[in-house]
Every structure is written in C-alpha cells, then in structure tokens.
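Colleague: Residue numbers (the working numbering), protein chains in the order written: chain A, 1 to 131; chain B, 1 to 131; chain C, 1 to 131; chain D, 1 to 131; chain E, 1 to 131; chain F, 1 to 131.
There may be inaccurate statements among the hints.
Because identical chains cannot be distinguished in the list, a pair is counted as satisfied if it fits within a single copy or across any two copies.
Listed below are the simulated BS3-like cross-link pairs for lysine-lysine, each with C-alpha atoms no more than 25 angstroms apart in a straight line [said to hold, decoys possible]: (1) LYS131 / LYS47; (2) LYS131 / LYS28; (3) LYS94 / LYS131; (4) LYS28 / LYS47; (5) LYS94 / LYS54.
To be clear, the hints were calculated from the coordinates, so they are not data collected in a lab.
This one's a predicted model, so the numbers in the text were calculated from it and none came from an experiment.
This is what each chain is made of:
6 protein chains.
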Amino acid sequence: MATVPMIEYDDASDEVRAIYDDLREVRKTDFINNFWKALANQPGILKRIWAGIKEVFSEGEIDPVTKEMIYIAVSVANNCDYCIHSHTSNAFNKGMTVGQYEELLALIGMAHQTNGLASGMKVPIDEVYLK
Amino acid sequence: MATVPMIEYDDASDEVRAIYDDLREVRKTDFINNFWKALANQPGILKRIWAGIKEVFSEGEIDPVTKEMIYIAVSVANNCDYCIHSHTSNAFNKGMTVGQYEELLALIGMAHQTNGLASGMKVPIDEVYLK
Amino acid sequence: MATVPMIEYDDASDEVRAIYDDLREVRKTDFINNFWKALANQPGILKRIWAGIKEVFSEGEIDPVTKEMIYIAVSVANNCDYCIHSHTSNAFNKGMTVGQYEELLALIGMAHQTNGLASGMKVPIDEVYLK
Amino acid sequence: MATVPMIEYDDASDEVRAIYDDLREVRKTDFINNFWKALANQPGILKRIWAGIKEVFSEGEIDPVTKEMIYIAVSVANNCDYCIHSHTSNAFNKGMTVGQYEELLALIGMAHQTNGLASGMKVPIDEVYLK
Amino acid sequence: MATVPMIEYDDASDEVRAIYDDLREVRKTDFINNFWKALANQPGILKRIWAGIKEVFSEGEIDPVTKEMIYIAVSVANNCDYCIHSHTSNAFNKGMTVGQYEELLALIGMAHQTNGLASGMKVPIDEVYLK
Amino acid sequence: MATVPMIEYDDASDEVRAIYDDLREVRKTDFINNFWKALANQPGILKRIWAGIKEVFSEGEIDPVTKEMIYIAVSVANNCDYCIHSHTSNAFNKGMTVGQYEELLALIGMAHQTNGLASGMKVPIDEVYLK
Numbered sequence: 001m002a003t004v005p006m007i008e009y010d011d012a013s014d015e016v017r018a019i020y021d022d023l024r025e026v027r028k029t030d031f032i033n034n035f036w037k038a039l040a041n042q043p044g045i046l047k048r049i050w051a052g053i054k055e056v057f058s059e060g061e062i063d064p065v066t067k068e069m070i071y072i073a074v075s076v077a078n079n080c081d082y083c084i085h086s087h088t089s090n091a092f093n094k095g096m097t098v099g100q101y102e103e104l105l106a107l108i109g110m111a112h113q114t115n116g117l118a119s120g121m122k123v124p125i126d127e128v129y130l131k
Numbered sequence: 001m002a003t004v005p006m007i008e009y010d011d012a013s014d015e016v017r018a019i020y021d022d023l024r025e026v027r028k029t030d031f032i033n034n035f036w037k038a039l040a041n042q043p044g045i046l047k048r049i050w051a052g053i054k055e056v057f058s059e060g061e062i063d064p065v066t067k068e069m070i071y072i073a074v075s076v077a078n079n080c081d082y083c084i085h086s087h088t089s090n091a092f093n094k095g096m097t098v099g100q101y102e103e104l105l106a107l108i109g110m111a112h113q114t115n116g117l118a119s120g121m122k123v124p125i126d127e128v129y130l131k
Numbered sequence: 001m002a003t004v005p006m007i008e009y010d011d012a013s014d015e016v017r018a019i020y021d022d023l024r025e026v027r028k029t030d031f032i033n034n035f036w037k038a039l040a041n042q043p044g045i046l047k048r049i050w051a052g053i054k055e056v057f058s059e060g061e062i063d064p065v066t067k068e069m070i071y072i073a074v075s076v077a078n079n080c081d082y083c084i085h086s087h088t089s090n091a092f093n094k095g096m097t098v099g100q101y102e103e104l105l106a107l108i109g110m111a112h113q114t115n116g117l118a119s120g121m122k123v124p125i126d127e128v129y130l131k
Numbered sequence: 001m002a003t004v005p006m007i008e009y010d011d012a013s014d015e016v017r018a019i020y021d022d023l024r025e026v027r028k029t030d031f032i033n034n035f036w037k038a039l040a041n042q043p044g045i046l047k048r049i050w051a052g053i054k055e056v057f058s059e060g061e062i063d064p065v066t067k068e069m070i071y072i073a074v075s076v077a078n079n080c081d082y083c084i085h086s087h088t089s090n091a092f093n094k095g096m097t098v099g100q101y102e103e104l105l106a107l108i109g110m111a112h113q114t115n116g117l118a119s120g121m122k123v124p125i126d127e128v129y130l131k
Numbered sequence: 001m002a003t004v005p006m007i008e009y010d011d012a013s014d015e016v017r018a019i020y021d022d023l024r025e026v027r028k029t030d031f032i033n034n035f036w037k038a039l040a041n042q043p044g045i046l047k048r049i050w051a052g053i054k055e056v057f058s059e060g061e062i063d064p065v066t067k068e069m070i071y072i073a074v075s076v077a078n079n080c081d082y083c084i085h086s087h088t089s090n091a092f093n094k095g096m097t098v099g100q101y102e103e104l105l106a107l108i109g110m111a112h113q114t115n116g117l118a119s120g121m122k123v124p125i126d127e128v129y130l131k
Numbered sequence: 001m002a003t004v005p006m007i008e009y010d011d012a013s014d015e016v017r018a019i020y021d022d023l024r025e026v027r028k029t030d031f032i033n034n035f036w037k038a039l040a041n042q043p044g045i046l047k048r049i050w051a052g053i054k055e056v057f058s059e060g061e062i063d064p065v066t067k068e069m070i071y072i073a074v075s076v077a078n079n080c081d082y083c084i085h086s087h088t089s090n091a092f093n094k095g096m097t098v099g100q101y102e103e104l105l106a107l108i109g110m111a112h113q114t115n116g117l118a119s120g121m122k123v124p125i126d127e128v129y130l131k
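This is chain A alone, in the form it adopts within the complex (with noise of 0.2 angstroms):
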C-alpha cells in the first residue's frame, strides 16, 4: 500500500485547513507533524481525533509532561514505532528531563516484566482490591 499521502496545508481543504489552524494555535508552533498529515486524508477522523487530543491535553490535574510520559508508556507497550517518537519527543519538549525519562523507561521495563510475571502465574486478585 505504501503510506497515505501526507497532506499538506496548501493542498489542504478548507475544513482540513481550519483544523490546522486551530492545531497550530493551541501547540503555539507552525509544525504539523505527519500523524495530521495522513488523518488529513479522512477529514472525519481527523477532526474527532483532534478533538479528543485537544481534550485530553487541556488543562487539567495532571500536568503536562506526566500526560505525555503516560503517553510514552501506552505507546511502547502497544509498540508503536511512530507514536514513541512523536511522544518522547514531545515530552521533551515540554520539559520532560533526563532522569524522569530514566526513572520513565525503568518503570516502564519493571511494569512489563511484572505484567508478565502476573499474568503467568495467574495469581487471584486479592479480596482487597476487589472492595
């Protein structure tokens, strides 16, 4: 299939456009990167999808760079190549530092290894858990 053609402002519909000047406004840069690009193709999804992002990235309880280190953790373990780039970088953009990232990949690694273990073994929930 190769990819979808990534869409560019120029070539863009007026109802794609208007999406990528609301995108460009809320993440205050000019960059639109190509997850936009290929949603572009479907106009409806990409302004569902845009919606969705732009709420669950609003302001809120959870801060900025925790959202996209939760972000990270989903996408490595649904492993999805362009999603842990985009979001890594992202989150470093928006402060993210070393060592969180370190204390970030650590835990990511233990979870999985634990997510393993447990589902292995097949151990019973605990009653507690389940009140």
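Model the placement of chains B, C, D, E and F on the given structure of chain A, informed by the hints.
Modeller: Just chains B, C, D, E and F now, kept in the frame of chain A:
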C-alpha cells in the same frame, strides 16, 4: 494448572521471610499482596523482582502517584488484570484524585486509539523526530 | 539474523514449486509475495499455512473485501508491519473503496480506544451477554 | 480497586441522562450496557466516546454486521473480554449468521498465525506494497 | 454472547467424532478439553487446527516439554488465560520440573522487560544481526 | 527523538565499563550489542538489567539454546524487532539447528492462532486445569 500456591509469612523460608520483612518495612504496611506470595515459590525471582520494584519506586524525580499512573497505563495496554487492580488500588492509596484518574483513563483511551491509527496508516516518522 | 533468504520460483524444490503453482492459479496472478518466499524455507509450514489461507479466503458467507478488512483489523492490533502492508494492498486490489478504508480506520481506532477503556475500568460483563 | 460503580439512569445527572436518552434512541432499545454505566463516572469521556461510537457506527459504506465483525476482530487481538462479549452479542443481534461467525473466527485465527510468522521471520516488505 | 456450546462426544457428528477419536489416540488419553469441544461447533476449523497442532507437536528436533514451554511463553505474552492454564498443565504432565518452570517464568519476565526497554528506546539493530 | 546515543566502551564511565567488562567475560566475546550501549545512558537500569539477564541465562535446568528459543517466542509475540533479531542471532550462535528453528516458528505460529481462537470463543477453563 490452577494458580501456584500462595506462600504465607508463617510458612515461608527464612530467605522469603527476610524479603517479606523488607517489603513490609518499605511499604509501611503489614499487608502482603498475592503477587509476592505467588513469586515466593521461586525465591530467586522474588528477590530480584522486589529489588527492581524497590528501585523503580524509590524516591526520584517522578512523584509516587505519577509512578503508579504510569504503571497502570502499561498494565492496561498489556491487559494484565491483576496489575490493573493492584496498581489502581495503590494509586488511590497514595493520593491519586478522582480527577486524575479520570484524566488518566481518557489519556489511556486516546493513546490506544492514536496508536492504532498511526500503526494502521503506517505514518512515516517526521525527520525532526529522528534528529 | 537478518531475514531468512527468499526462495525464488527458479530455485525452489519441486514440493515448493507445486505450492507456488497452486498459489498462482488460485490468486490468478504470477506475483508471489515475500511472505511465501520466506515460508518456503520450511516447506512443511508453507504447505500448512497455504492450505489454511486458501480455506479462510475461499468463497463463503463473508465477501472477499470484508475478509481482507478483517485481516487488516487483526494485523493492526497485532502491529504486524508486513501484514498491514500486504492486506491493505490486497483489499484495494479486491475492490475496497476509499470510503470503506476510511470507515475501517475509524472503526479500528475507536475499537482500540474502547478496548483500552473497558480493560482499564474492569467493566463487569452484563448478565445478558452471558446467557 | 474493584470496578467503578455503575451509574444507573435514575441516579444519573442531567448531563449523563441526556446521553443515555440519545443512546437509547439511536440504538432503538432501552438497554444500557455496563460499559456506558462505567464511563458515566466521567461524563466528559462518556460524551466523547459516545460521539465517536455514534459516528463510526453511523450509516456508511460498510454494513452494520461487518462493522461489528471488524470490532470483534480488534477486540480479540487486544484480548478485551468485555468487548468480545458485547460486540459478539451485538453482531448476532444485527444479523450475523452462524456461517459468518465461523468464517470470522477462522480468519481471526489465521491472521494471528500469519502475523506471528511474518513478525518472527522479519519478512521484508515487497517493493510493490511500498508504491 | 456467553461462550459457544461445548460439543460432547456423544452429541458430536461423525465428522467431529472422527477427530475426537484421533485426538484421543494421539494423546493417549480419553480426556477432551474444552478448546476442542468449542471448536467442534465449526468442524472445518476443528479439523484444520487439529491437523496443525498434531504437526507442531509431532516428534521432531525439539523435545515435548520444550514445545509446551514455548507454547506457554507465547500464551503469556498474548495473555490467553485458557492457553496458559492448559499448556502449563500439559507441560507438567509431560515432565516439566518445578525448576524448569521457575526458570521459564524468570525468562518470560525478563523477556517482557527487555522487550519493553528495547522498543521504548528504539535501539538500532546492530549491523551484525542484519548480515 | 531519534534513538538515545550509543555509549561506546572508550567513552563509558568506570561504572559502565565495569559492567561491559563483566558482560564480555560472561559472554566470552568482545562484542557489546547496541541494547547495552543504549541502556548505558542509565547506569542504574543497565546494572539491574544485566544482573537479571545474567541470572536467567546462568546454568540451570533449561539448556542455553532452549532459553534463547523461549526468549524469541516472547519477543515475537511482543513484536520487538530488536529482540527478535538479537535473540535469533544468539540462538543460532549457541547451536540452534535449522530444524529446531523451523519447529520453533511453526509452534509460534500455531500458538498465536490457538491463542486468538481460545480468546475469541471465550472457552471456559476445564475444571481439571483449576485443581
């Protein structure tokens, strides 16, 4: 197979008891959850895993609640029932707010979705992420 | 390791050639894609896998394009690069429309998201689904 | 943790009830399954997920039964118990035949197998798929 | 959906009975586990899967216990509850020692961890592995 | 992000060099593969992971080739490119035969298939496996 037998403190070897004692002291609770009682059938693994968990949860640049949230994120992606239950419980015990939990779930959900879309469209990795 | 060597038709044993011949006849194309050339290093597996593929893609109650879309869905969830490329290509060759592909991606994305949420919240299965 | 509490219609806020009402109308049934009752603890996510589900299951180029089969395929690959149960139930309710279900299972099984083999042998992607 | 009905020997068609008979003979036991009774709803799949299982577990260069351990390793990584139970049971029945089981769990745990770390850091593949 | 920098022996700290020295001695080769050079950016993780790997690959009841085959099985299921390459290479270096590799691939493929089928049909676990 059924699950492996749970090794209770009173039935444990000295080697296992020493780890249970350390676990109780570090965690400041007498409660020993089934994961450790199952691992105790293999004292060598028990020792190594506890050392790893102690290290990744020791004081560092990522705060304790965030560490548990990252652990939950990996456990959900790996779909480890036991781990989701125990770490969600831990996170609330360590102070995760209902608002943080809501944002965590929303992030996990969106990350799964964009992981699937980026993998499905085979989005090429932007040059800027490879530098 | 590098990948296993690709077994070309001219270098293949009679046993492998017979399968290549059948594959070409069933698929009505001379093209043999790398998956089969790699499997041909293990003629026993090649034979069994081709028999399975021939069976699941034989005429039945699910139409050919839908079969390829289901294959894409599994391949994305398992994140198999080769399989996503080959089955997306197959699907378009068999008549998948751009509109269907868009809807397929949207479904795959949402399914990943709700899979993550249902697993993360440990939603109890409704009685009605267990009857 | 135990699972999150199920929010019943009578105990729901106006915001949640409005979504429950829409869900009942769109699906033409009074039944609200646990997934929604669990999400209702987080009205923001509930609203966004319902909007997404409504969109991907709205009338389009892929018929309703096929959409459910694609959803089942992803849910099996992600091993989401709840999702497998609910979407298999939905698929039968929407008219999936026993023959289609049999073919679906056969496809899912073969796809898992060839996914594993293609990943295990690191099969290089054919040039023709990259055009 | 609930699970599919279990097809008992006495209620099985001649086609299914012939496979049950072969299964009992090859395995030298009258016991037919639920996996086969579930597959028997789809005799075509039952036949193909049994042929595949018979082939991969037939005498070869990997001994029977090792084959079961490899099967357990895959089943844990895919988190298939049924498969972990049945193949761990099979492995012990075929002679897996407690010491081997301990080493198997340790390997599975470490492999999950290093898989997560290698994917998370996007470690470039060494030239020597690509030759 | 690009990948993390590879830490070469000559540029390594004394702490990292000590581990590289041990790794070379244990493995009886001067070659240090990229996984360790990447981990060396986080000496704490490097130390812990190397200790774990050394332990699980130390002499025991499972022979060295089988250990590598089990590692490959997990790595394929988790779809870790780096790990599949490195452990397949290791397995051949330690004496895995072409026949064993063929049987390994066949087992991995069948296990993925039956994992998918057992999960998809929600097969109930036999009583005998729960004892």
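Colleague: Determine for every hint whether it applies to the structure shown.
Modeller: Okay, the hints, checked on the actual structure:
1. Proximity of LYS131 and LYS47 under a CA criterion of 25 angstroms is satisfied in neither setting, with 40 angstroms inside one chain copy and 28 angstroms between copies.
2. For a Cα distance limit of 25 angstroms, the shortest separation of LYS131 from LYS28 across copies, 21 angstroms, qualifies, whereas the shortest one inside one copy, 45 angstroms, does not.
3. Taking the shortest Cα distances, LYS94 and LYS131 sit within 25 angstroms of each other only across copies (17 angstroms), while inside one copy they are farther apart (38 angstroms).
4. Only within a single protomer do LYS28 and LYS47 lie at most 25 angstroms apart by alpha-carbon distance; the minimum there is 19 angstroms, versus 27 angstroms between protomers.
5. Taking the shortest alpha-carbon separations for LYS94 and LYS54, only the intra-copy value of 16 angstroms comes in at or below 25 angstroms, while the best inter-copy value is 28 angstroms.
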